[in-house]
Amino acid sequence: MINKYKWWEKVGIYAGIAVFLSFTLAPFFEAFLVSLRPLNKINSVPYKIITENMSFDAYFTMWKSVPKLHVYILNSFFIATAVTVIALIAVIPAAWAFARFQFRGRDALLGTFLAINMVGGAVLIIPLFKLMSAFGWLNTYWAMIVPGAAFLIPTGIWLLRSYLMKIPRELEEAAWVDGASRLYILRRVIIPIAMPGIVVVAIATFIGAYAQQFLFALTFNSSTDLHPLPVGIYQFFGRQTVLWNELMAASLVGILPVLIIYIFLQRYIIAGLTAGAVKE
Amino acid sequence: MQSLGGRPNIFPYLLLVPALLITLLIVAWPLTQTFWLSFTDSSLKPVTNFVGLDNYEKIFAKKFPEVVARTFYWMTLSVVFKMVVGIAGAMLLNSAVAGRGFFRLLVMPPWIVPIAIGVFMWRWMYNGQFGMISGVAQNLGILSGPFEFLATRDSAFYSTIVTDVWVGTPMVTIYLLAAMQSISTDLHEAAWVDGASRWYRFRRITLPLIMPAVATMGLLSAIWTFNSFDIIWILTEGGPRDATTTMIIDTYKTAISRFKYGEGSARAVMIVIFLSSFAGFYFYMISRFAKRSLGK
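Residue numbers (the numbering used here), protein chains in the order written: chain A, 1 to 280; chain B, 1 to 296.
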């Protein structure tokens, strides 16, 4: 058969996959090993993969070294959730408008939204800083939530628009003929049928917001109570000796929630990420 | 009766209001402000003066061309590696071997975990005394002593690229894998019946058909790579001796670390100009290429 491999082809494929996956997973593997080592063994020379006295102690002591660690993890979650909610409120109606309505300037507007994707937050950091300070948003959650959402909205619109375009119009038109208002149609027809698409967009936005909460937090926030994990974790550096084992333990605990979400929802995540790769 | 999607109608504009409000506020307004600030000497001082093109003259008098060249070199290397590793990874994961569903699951973690946290792990790996790379290389006899990857200019430059490739490759891989899976198996089977080898089928069927996806991903990846901030900032903050200072890092250092808002804005404007001309050039090349291959 076409897909039958000779034995050496099979060996080659598995070897290739092994090399590829060791590249993507090596840092996690190393982080896990470091988190298990006692501090004096971390700094031992020569390098050994397995050292003596490995234990899960760091996973318990880290909460004392950085007392607000649990706050940072919750902050990360809260910020990413708020970003997702705000982005969806903007994305759902906009995607419907772009998918179904004829209006002047539609293509130009859609193009502008996509062009926004090109400009990263770091480029606009100066005026953004002034804007946040003018709003009194510095050192509040808002300065991390609203800019975070703004940069994720264009992709969300693009994804949901292509999803909505695949849904037949008949249901909406039928509701319209029956005298339903447009807002009623949005709430009672569009949102329910587009739910799978909305879920994909929501997950993609959440993952994006969770992954990218460094720059805005670093620049706009100096209140330690509000830090998300990527910035809060910096506190493991601010000591005479860097507590690398606890830092790695905290990192792994901090990424665990997204990894769990990923394992359960990977179908939706991959559908969201690859929506443009397949021609419809 | 008026149709649901027909015009004239202000309803679609109302639907756009939330999205427009946020993006105008957070992207469009700051963008115009950046242009305006680039002609001023804005800083922490209370008074801001209009200084014309002074900032632009200033940045070109300094090592700016060097920073631009370095940025493009960094971006090109990183994107090329991401695409090559991504295509190879997608091919491997597309082959019909047992366990591929599980292997696919293991590709994504670098992309979905917070970038900053992944980069902390890399910072440890690059540590010369205790890190894995230097340690394993010494055990294997490749290195004779500890090597600090982030301490010398060249090694820091390439180390930041490796980490950037690590973060960006999963997305490229999964995207191209989706493109490969959408290719109809009939094509491969027809070629196979005619006796085409695996390599020949890859070159003549798979590669041409995933080309549009490669082109799209190449552009997206280039833009993301150009805008990459977290990775370099956490690994080296642009050092040692500016070896990893790309345009983004340079702008951030000027504006936020040295409080020179005016000069920093001029640098930001240069980024916007470079990025848009790059994207324009790219689209031009793609459309020319598409026309030529259709004309054959």
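Bear in mind the hints are in silico, worked out from the structure with no lab data behind them.
Misleading hints may appear alongside valid ones.
[Claimed, not checked] FRET-style restraints, in silico, Cβ to Cβ:
no. : chain 1 : residue 1 : chain 2 : residue 2 : range
1   : B       : Y73       : A       : G111      : 44 to 50 Å
2   : A       : D178      : B       : A98       : 36 to 42 Å
3   : A       : F29       : B       : E57       : 17 to 23 Å
4   : B       : V68       : A       : S65       : 38 to 44 Å
5   : B       : Y158      : A       : Y5        : 41 to 47 Å
6   : B       : G99       : A       : P192      : 51 to 57 Å
[As the list claims (entries may be wrong)] Some chain A residues judged to face chain B by a derived CB distance under 7 Å, without partners named:
no. : residue
7   : A94
8   : M118
9   : V123
10  : I126
11  : A150
12  : M165
13  : P196
14  : I255
[Stated by the list, open to error] DSBU-like, lysine-lysine: derived pairs with alpha carbons at most 35 Å apart:
no. : chain 1 : residue 1 : chain 2 : residue 2
15  : A       : K130      : B       : K58
16  : B       : K58       : A       : K4
17  : A       : K64       : B       : K58
18  : A       : K6        : B       : K63
19  : B       : K253      : A       : K130
20  : A       : K68       : A       : K130
21  : B       : K63       : A       : K10
22  : B       : K58       : B       : K45
Each residue gets a CB set at the ideal place from its N, CA and C atoms; glycine is no exception.
- Task: With 36 to 42 Å as the target window, see if D178 of chain A and A98 of chain B comply at their CB atoms.
- Result: violated (53 Å)
- With respect to the beta-carbon atoms only, verify the hint that F29 of chain A and E57 of chain B lie 17 to 23 Å apart. Because 51 Å falls outside the window, the suggested range is violated.
- Task: Answer holds if the nearest beta-carbon of chain B is closer than 7 Å to that of M165 of chain A; otherwise answer violated.
- Result: violated (12 Å)
- Query: Do the numbers back the hint for I255 of chain A, that is, is its least Cβ distance to chain B under 7 Å?
  - Reply: Holds. Min distance 4 Å.
- Message: Can you verify the interface hint for V123 of chain A: is its Cβ closer than 7 Å to any Cβ in chain B?
- Response: holds (5 Å)
- Task: Quickly compare the C-alpha distance for K63 of chain B and K10 of chain A to 35 Å and report which way the hint goes.
- Result: violated (52 Å)
- Holds or violated: are the alpha carbons of K68 of chain A and K130 of chain A at most 35 Å from each other? holds (29 Å)
- Message: Given the hinted pair K253 of chain B and K130 of chain A, is their Cα-Cα distance within 35 Å?
- Response: holds (17 Å)
- Sort out whether K63 of chain B lies within 35 Å of K6 of chain A, counting only the CA atoms. Outside the cut-off at roughly 56 Å; violated.
- Query: For the pair G99 of chain B and P192 of chain A, does the Cβ-Cβ distance stay inside 51 to 57 Å?
  - Reply: This hint is violated: roughly 38 Å between Cβ atoms.
- Is the Cα-Cα distance between K58 of chain B and K45 of chain B 35 Å or less? holds (19 Å)
- Message: Can you tell me whether the CB distance of Y73 of chain B to G111 of chain A sits inside 44 to 50 Å?
- Response: violated (30 Å)
Violated hints, listed in ascending order, are 1, 2, 3, 5, 6, 12, 13, 16, 17, 18 and 21; each of the other numbered hints is respected by the structure.
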